[in-house]
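Construct all of the structure, not just a fragment, from the sequences and the given hints.
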Amino acid sequence: MTKQNNLALSIAGVSKTYGRVRALDNLSFDVAAGRFFVLFGPSAVGKTTTLRMIAGLVKPDSGRIEIAGRDFTHEPILGRGVSMVFQSFALYPHLTVFENLAYPLREEKLSAGEISIRVQETAAMLKLSHRLERKPNTLSGGEQQRVALGRSLIRHPKILLLDEPLTNLDAKLRHDMRAELKRLHRQFGMTIVYATPDELEALSMGEEIAVMRDGAVVQRGTPDELYGQPMNTYVAGKIGSPHMNMVQAVVTPDTKSFDTSLGKISPKAKRKTAVAGEAAIIGIRPNDIRLAAKGEKSISSKVHLLEPLGDITIVSVAAGKEILRMVLPESKATHIKVGDPAAIVINPDDIHTFRAASGQAMA
Amino acid sequence: MATSTTTWEKLGFRKAFRVGEAGWGHTLWVALVSFIYFLPVLIIVITSFKVQNEALSVPAKFFPTSFFGLIPEQYVFTPTLENFTSVFSRAFTTGGAVESTGFDRYFFNSMFIAGSSVLLALVIGTLAAFGFSRYPLKGNDTYLFIILTTRMLPAIVVIIPIILMFRIVGLSGSYPGIIFLYTAFNLPFTIWMMKSFFDELSLDVEDAARIDGSSELRVFFKVCLPQVVAGLAATFVFGLILTWNEFLFALLLTGADTRTVPVAMNQAVAGGGIGVLWGLLAAIETLFLIPVFLVTFFLQNHLLRGVTFGTVKR
Numbered sequence: 001m002t003k004q005n006n007l008a009l010s011i012a013g014v015s016k017t018y019g020r021v022r023a024l025d026n027l028s029f030d031v032a033a034g035r036f037f038v039l040f041g042p043s044a045v046g047k048t049t050t051l052r053m054i055a056g057l058v059k060p061d062s063g064r065i066e067i068a069g070r071d072f073t074h075e076p077i078l079g080r081g082v083s084m085v086f087q088s089f090a091l092y093p094h095l096t097v098f099e100n101l102a103y104p105l106r107e108e109k110l111s112a113g114e115i116s117i118r119v120q121e122t123a124a125m126l127k128l129s130h131r132l133e134r135k136p137n138t139l140s141g142g143e144q145q146r147v148a149l150g151r152s153l154i155r156h157p158k159i160l161l162l163d164e165p166l167t168n169l170d171a172k173l174r175h176d177m178r179a180e181l182k183r184l185h186r187q188f189g190m191t192i193v194y195a196t197p198d199e200l201e202a203l204s205m206g207e208e209i210a211v212m213r214d215g216a217v218v219q220r221g222t223p224d225e226l227y228g229q230p231m232n233t234y235v236a237g238k239i240g241s242p243h244m245n246m247v248q249a250v251v252t253p254d255t256k257s258f259d260t261s262l263g264k265i266s267p268k269a270k271r272k273t274a275v276a277g278e279a280a281i282i283g284i285r286p287n288d289i290r291l292a293a294k295g296e297k298s299i300s301s302k303v304h305l306l307e308p309l310g311d312i313t314i315v316s317v318a319a320g321k322e323i324l325r326m327v328l329p330e331s332k333a334t335h336i337k338v339g340d341p342a343a344i345v346i347n348p349d350d351i352h353t354f355r356a357a358s359g360q361a362m363a
Numbered sequence: 001m002a003t004s005t006t007t008w009e010k011l012g013f014r015k016a017f018r019v020g021e022a023g024w025g026h027t028l029w030v031a032l033v034s035f036i037y038f039l040p041v042l043i044i045v046i047t048s049f050k051v052q053n054e055a056l057s058v059p060a061k062f063f064p065t066s067f068f069g070l071i072p073e074q075y076v077f078t079p080t081l082e083n084f085t086s087v088f089s090r091a092f093t094t095g096g097a098v099e100s101t102g103f104d105r106y107f108f109n110s111m112f113i114a115g116s117s118v119l120l121a122l123v124i125g126t127l128a129a130f131g132f133s134r135y136p137l138k139g140n141d142t143y144l145f146i147i148l149t150t151r152m153l154p155a156i157v158v159i160i161p162i163i164l165m166f167r168i169v170g171l172s173g174s175y176p177g178i179i180f181l182y183t184a185f186n187l188p189f190t191i192w193m194m195k196s197f198f199d200e201l202s203l204d205v206e207d208a209a210r211i212d213g214s215s216e217l218r219v220f221f222k223v224c225l226p227q228v229v230a231g232l233a234a235t236f237v238f239g240l241i242l243t244w245n246e247f248l249f250a251l252l253l254t255g256a257d258t259r260t261v262p263v264a265m266n267q268a269v270a271g272g273g274i275g276v277l278w279g280l281l282a283a284i285e286t287l288f289l290i291p292v293f294l295v296t297f298f299l300q301n302h303l304l305r306g307v308t309f310g311t312v313k314r
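As they're listed, the protein sequences go chains A and B.
If you read the first sequence in our numbering, its first letter stands for residue 1, the second for the next number, and so on.
If you read the second sequence in our numbering, its first letter stands for residue 1, the second for the next number, and so on.
Simulated from the structure, these hints should not be mistaken for lab results.
Remember, it's a predicted structure, so these values are computed and weren't measured experimentally.
Think of the CB as a built atom: it goes at the ideal place given N, C-alpha and C, for glycine as much as any other residue.
Hints are supplied without guarantee of correctness; some may be wrong.
Pairs of lysine-lysine residues, derived as DSSO-like cross-links and limited to a Cα-Cα distance of at most 30 Å, are as follows [stated by the list, open to error]:
id, chain 1, residue 1, chain 2, residue 2
1, B, Lys222, A, Lys59
2, B, Lys222, A, Lys135
3, A, Lys297, A, Lys321
4, A, Lys158, B, Lys222
Anything over 12 Å on all C-beta distances counts as not near chain B; from chain A, calculated [stated by the list, open to error]:
id, residue
5, Asn26
6, Pro42
7, Arg64
8, Pro76
9, Glu107
10, Glu114
11, Ala124
12, Arg151
13, Met177
14, Ser241
15, Val250
16, Thr252
17, Glu296
18, Ile299
19, Leu309
20, Glu330
This is the structure:
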């Protein structure tokens, strides 16, 4: 994979309102060429609008969009070198698979021979060769998805936009397609901007992720950065499965620890900006809670809920006023029953702290 | 549990909760009802092959042959093509010379006027419908409503102002006059019908075409229009049937040269002092039925099948 420093895409201060609804609010981010970039956030957060704007389907109210260094803010769609896969697949229902794949090439006025070669090539790559004469409505969901992908790839786009492409597929197919998309990205090396509300897709595919909220990017970084150093409770709550435990807390007078209904919790590193008596939120990853060894100093709790997931079990325990989720290997969870007492220990190394008022991380 | 077969089921009536093909009983029942509905048309077609006194005979003679003596003689008539030839030329007085009736012209008029006005309405209406669907005006629904109000009054109410308007601009009795009138008459229906078809299409598909490099014009012609072929066919057929059978406007706004069959039919059989020539009337009606019948027959595949059905997940 080639990683160049030049930017494939740069979005600067872009805003867009639909009537009274503000879809994008001073949105800025850039994407390095060849990067698999994920726009992550719940529905109606502006992901689709962002992609449609990159494609040129929507004009921004203000701000600037550059593609490969050239200002395309007010340019037409053509010439952007951008293609897009829609959530609904948006295949041409009246055309065969062959004609669906050929459509962008026909619009480029390529010769019939060239079109035929490129379509066969693309169809072979996506295992669609035996479906070329079929109409889209006779294909399975996975096949329709591959046709949509093929129609986007056949033009050799510089930037490929994917708008929740896996949402309409069943779970198994989704897994296969994740691998397939990564493979295609490696093979072609084009820039991908991928919008998804699914954190698993974001973390497993994204080389870089931008977490969006209310039409703006809240935090961007590699999956590890977002998981390890979430900037606020929003990102902390969205990234990581099962979700981070959030515990109400107050900074102790010596500012070294936090008083919670679980007792005093002391992160390993001191929070320099903490103010005594300040309301705070402590974030603890479910992976950072374990059962106490015999005689170890622990927090007593009661098992509240068990969610067995095969090799692991998510155990929710009630401690103090809080319900905490923890992840146990299946072997350790088999004897546990709802209502049992459980002694738990919180790993102090990876405790996240946030200001209760703003939700921002405490440094 | 053993499945018991009731007499009802033996007759072919399956239980209602079963999904599948209908049994013989239901099929026959539907056939019977359909036959009753079709009976008026059948009587007209049969009558067109009868001479005048057989057409008027009681009991009605229903069969063109006795089926080797199976049917009693009083129900059998002798088929003749005389009525069909007299549609186009006949002697108007007993023993008089055979003259042309002008019906070849009237049939041409009906086809030309109905065909061109329905096509014109389809072209204008489809473009307008696309506009209303994709580029809504401020107060879009109001405009659509106003368009429909033109069809809320019976024709007889608006005919007087229309006659006056036609007099002033000199369109009375001309082809353009009646064609424009029928086009206007068909437009509201065409616009509403086609708009609902365009509304059903996925906008993503059109955006996909834009990204694939299509201009707005090509998006319309290569992506939108092919998806509404079923709608075009249905609108065309309904418009054609309405226009083909229209009587009042044609009576008052066509001249001798532009007369359509429904008007001419009325004038051919009424009056003359010898009563209604039922055989002749039936022959004209039978011939009149054929063009619309053929058009509908050849478009029925498109009418029954929506090409976009089930292709788009929402």
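Structure-based check of each hint:
1. Lys222(B) - Lys59(A): Status holds; Cα separation ~24 Å.
2. Lys222(B) - Lys135(A): 16 Å, holds
3. Lys297(A) - Lys321(A): 20 Å, holds
4. Lys158(A) - Lys222(B): Given that 30 Å is the threshold and the Cα spacing comes to 26 Å, the pair holds.
5. Asn26: 25 Å, holds
6. Pro42: Its Cβ never comes within 12 Å of chain B, the nearest being 20 Å, so this holds.
7. Arg64: 21 Å, holds
8. Pro76: Non-interface label fails for Pro76(A): nearest chain B Cβ at 9 Å, not farther than 12 Å.
9. Glu107: 4 Å, violated
10. Glu114: Per Cβ check, Glu114(A) is outside 12 Å of chain B; nearest 15 Å; holds.
11. Ala124: It holds; Ala124(A) is separated from chain B by about 21 Å at its closest Cβ, greater than 12 Å.
12. Arg151: It is violated; Arg151(A) is separated from chain B by about 7 Å at its closest Cβ, not greater than 12 Å.
13. Met177: 15 Å, holds
14. Ser241: At about 26 Å from chain B, Ser241(A) clears the 12 Å cut-off, so the statement holds.
15. Val250: Val250(A) is indeed farther than 12 Å from all Cβ atoms of chain B, at 49 Å.
16. Thr252: Correct as stated: the minimum Cβ-Cβ distance to chain B is 54 Å, above 12 Å.
17. Glu296: Per Cβ check, Glu296(A) is outside 12 Å of chain B; nearest 53 Å; holds.
18. Ile299: 48 Å, holds
19. Leu309: Nearest chain B Cβ is 29 Å from Leu309(A), so the label holds.
20. Glu330: 36 Å, holds
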